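Undergrad: Start from the sequences, fold in the hints, and give me the full structure.
Same order as they appear, the protein sequences are chains A and B.
Using our numbering, the letters of the first sequence map in sequence onto residues -3 to 193.
Using our numbering, the letters of the second sequence map in sequence onto residues -11 to 301.
Here are the in silico distance ranges between beta carbons for each label pair:
no.	chain 1	residue 1	chain 2	residue 2	range
1	A	S68	B	L73	15 to 23 Å
2	A	A124	B	L197	44 to 52 Å
3	B	S155	A	L67	36 to 44 Å
4	A	A182	B	V50	35 to 43 Å
5	A	G78	B	R194	44 to 52 Å
6	A	K(-2)	B	K193	57 to 65 Å
7	A	D160	B	V66	44 to 52 Å
8	B	K60	A	M0	45 to 53 Å
FYI, nobody ran anything at the bench for these hints, they're computed from the structure.
From a predicted model like this one, the values you see are computed outputs, not experimental measurements.
Ideal placement from N, C-alpha and C gives every residue a C-beta, glycine not left out.
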Amino acid sequence: MKVMLQLLFAALSSSLIQNIIFAGGYGVSEALRISGKPKQILTSTGTVTAFMTISAVASRALDFIPKIDALSNILHMLIFVGVLFVVYFITIIIFYFGLHAPKSFMHLFSMSAFNTLVLAIPLLNRRAAYSIWECFGFALGAGVAFLVATYLINVGIRKIEENDTVPEAFKSTPVLFVYIGLLALAFMGFSGQSLFV
Amino acid sequence: MNDKKFSLKLDDISKKEIIIRGIITRNPVLVQAIGLCPLIAVVTSAFAGLIIGAISFLILFVSEILACLFLKKTTRWVRVGIYALIGVAMIIPFNYLIDRFMPNTSILLGIYVPLLCVNSLSLFRCEFFATKTTKIKNVFVDALASGLGYLFVLLIVGFIREAFGNSTVFGIYVDFLPRANGMLMPFAGFIIIGFLSALLNWIIKRTKLESMSEVTLAKRIKNDDSITLQPDVPLKKARRKTKKSENKAKEEVPQVEDTEMILVQANSPETKENLYEEVQIGADAPQEPENQEAEAVSDEQTEKNNADKEGEN
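TA: Below you can see the structure in the form of structure tokens.
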């Protein structure tokens, strides 16, 4: 029960209370890129979440080895990147050489594996000194946050396209940035921070 | 239209055009929306913007040149991993120097400096420019222009957020500036770059630079076959559209063999050679048979009218 609560709280924290995309800006470029392709939202989110969860849990498991835990932050980052590479190349071997997946799928993997969101999760886990279950929940929650972000941005893109009242200078990218800013402001409401001194 | 006319001849773009595109018309942040992660979260002062911008610039520069020299024939999913490795190799010394000589800045920037190794800026520029061109000079100029374009935006955003969020300019307190905590939060970052992007749009549309914007180039490409451009999204769409229109045109124009079969089935008395001639004329002027029928109908009517008139007489 305690483990489940830990997992749930970590997931809620990264997906809603502090939506990691809107509050931290992690993977926001990737979310913007994917949100323009509605058919890829689910597959891309799935691959990003899978890479994130596996690499985060594996990296955190390595931290429990005392010799690794005693290393400096820079070396830890190297270890996290190393773990990400191992996970990536195992995935490539399984899908490309084993399942003969098409090249478009391999491109999707490459874009999903190497982005700021996937690398940020192990670093944040270490900072917060999460347990393995909390790491798992945090990564899953980040996946949900990514899905929510891409879906909301996609809805925004469609609504903005329909709206003729947008001023000429704000059309396309500028109004989208303002829209994401307002979404970020809305999600900030969950954290209870004050705006003005 | 031949597909070769749309081939990706990035070498043909002039250096001046690359510079203007990198800094203004295709600015990495304000137009292409890449490299947003550190900008939104951690660039809350001009100094932080300068540090992040300088590191990103160097990573982009080295990655693009290495990508152009060695990675053109490598598969894309291997290339992307190599960009990350180049980023890591570049980040380690910078991270060490910041930790050692600027401990306060290191605390301020947090995990965002290590994350620059997988920044989408270098990934996208390497993937869509450096590996698509043969001229190393063009890559050099593109890295310079895109890096500077990114650095300028980071500096401006950092300056605005620092001035209105902390009432300071490069760390110096300015008492007449208002102070709003919200400017230091991520949502303000998005809104500020939204307004900066709108300002850039406004400037582009009111200057001659609009001729270098992607939409105008996509229009020009339809009229001028000599123009060859970077493989950005609007051009791909334009290419798809022209391909579709070509296919439609092919479908609409009657094929010689098909029409020949139809005419043969209609038990036409003409020989095969005459048929070809008729089909070709028919393809050029498809309304002729209808006109002939209309003429025949009008002749019949005039004859009837004449007969009626004669009867009346």
